[in-house]
Amino acid sequence: MPNIEHAISARKVTKAYGTKTVLRDVDLTVEEGEVVCIIGPSGSGKSTLLRALAFLAPHNGGDIHIFGREIGWNGGAERKVKQTEKELAEARAPLGMVFQHFHLWPHMKAIDNVALALKLVHGKSALEAETIAFDALKKVGLDEHAYKHPHQLSGGQKQRVAIARALAVSPKAILFDEPTSALDPELVGEVLNVMRALADDGMTMVIVTHEMGFAAQAANRVVFMDHGAIVEDGPPADIFGNPKSERLRQFLETSRDRAI
Amino acid sequence: MSLTSADLGLLAQGLGLTAWMTLWGTLLALALAVPLALCLRSNRFWINAPARVYVEVMRGAPLVLLLFLLYYGGPQIGLRLSAPAAGIVGLGFFGAGAFAEILRAGLNAVPTGDVEAASMLGINRIKCIVHIEIPQAARTVIPPIFGQTIILVKESAVLSVITIAELTKAASGLATITFSVQPFIVAALLYWALVEAIAQVGLAVERHYQIGGH
Ligand SMILES: Nc1ncnc2c1ncn2[C@@H]1O[C@H](COP(=O)(O)OP(=O)(O)OP(=O)(O)O)[C@@H](O)[C@H]1O
Ligand SMILES: [Mg+2]
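Protein chains in written order, with this note's numbering: chain A, 1 to 260; chain B, 1001 to 1214.
Everything labelled a hint here was simulated from the structure, so no lab data went into it. Check each hint, because a few of them may be wrong.
Each computed DSSO-like pair below joins lysine-lysine, with the alpha-carbon atoms no more than 30 Å apart [as the list claims (entries may be wrong)]:
1) K1127/B x K82/A
2) K1154/B x K139/A
3) K12/A x K82/A
4) K119/A x K1127/B
Sequences and hints are given; from them, build the entire structure.
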């Protein structure tokens, strides 16, 4: 069943590593233009869910659609009909991904990191690719650093290059897995500012984060996960101001303590 | 009795032959090692198992046996190689196993996330190997590749068994004529010089590709 109207729709998604169940019947829908933050304690399955949405962590049950097109399996995970490399690439095409540890390719300059897929996948000439890549780097405020290698950049700059790399191929939605968790505190702001600007531009974003302030302010919706399940899902005002479950209340309390 | 300049000329020729044979043997070994390493990394049994068997056999067998098989056994199956050709092929086949293991380890050291990032951008497996995995692995494998090349230089001494007048053969020939160990001492110095030269090239290449940590 296609879900043309949703950007992302996960239905009854389960995932196990061996005998350990990590996602339990997760239902998540994200609309176009929405900014959804996923919060929850360590080990609750946030990264796994995000990676399942992109089929980097193949789900074992349920189905996931990206802008109406199923990703990973054909006809749900239970039928075990895996998509071909080409089908998967097409299903993934609307998605960008930003990782906690950046994963820039260290042997290439920032601009080449951003331009590579434009050349290899989108058939752009070297000159076209470089122009688009430069614009993307400009958008994240790094045009002056375009010709540096990743090791010459700070963590915050690296993450902004990674965002530019995701943006350059014009995704319709971007998934972020703790984009600021590997950064020194003083570098967190520059990355969050770029993400805020993207959100204001109407980009569809799913963000796993421990930055409660950012989630409260930038998200349209906040999803709280615990033990592989979505426990609460609602507007930030409700999640942070009026938690219904004891588990969320406790989680917010401990993360508030940690922030102080 | 000291060595004449003609004797030294013979040793120099031997050194040249040793360097020449090892150079081509190493290049052949590297050329074979790339597909071999990719096969080792395949998760399909019928691709990785034969590669694994090859690597294990080459690890276990002495080079001298391989040379006998190629040079003396080859003609029995219609494979007639000149001594230098058999020497290069022998060194190539022998080195390929070791080089393949080095390349495999280098490719495995590329962070999974780097590959996932490529895959999220639609870059397919083969393009990812060519543009991301091999260039990154190349940096980490440079020191062990040169180390293994130095091992091949020394292993090449056994090429004398198939009549090649490389350095060791030249030295032992001279020693029988001159009744002296001097040729061996000179040969040892020449091996040392060659090995040192290769090590220096290795360091230069390593420095060239050094682009900081990550
Ligand atoms: N590749 C894997 N193999 C086995 N178990 C895994 C794997 N990846 C994750 N897990 C397990 O799955 C559970 C959920 O992990 P996940 O990384 O999704 O949690 P998380 O909510 O992102 O935590 P954190 O906040 O620490 O990043 C954990 O118990 C983890 O140990
Ligand atoms: Mg995580």
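Structure-based check of all given hints:
With a C-alpha separation of about 21 Å, the suggested pairing of K1127/B with K82/A holds against the 30 Å cut-off. This hinted pair does not check out: K1154/B and K139/A have alpha carbons roughly 56 Å apart, beyond 30 Å. For the suggested pair K12/A and K82/A, the alpha carbons sit about 18 Å apart, so the restraint of at most 30 Å is met. Of the supplied pair hints, the one linking K119/A and K1127/B holds, its CA atoms being roughly 11 Å apart against a limit of 30 Å.
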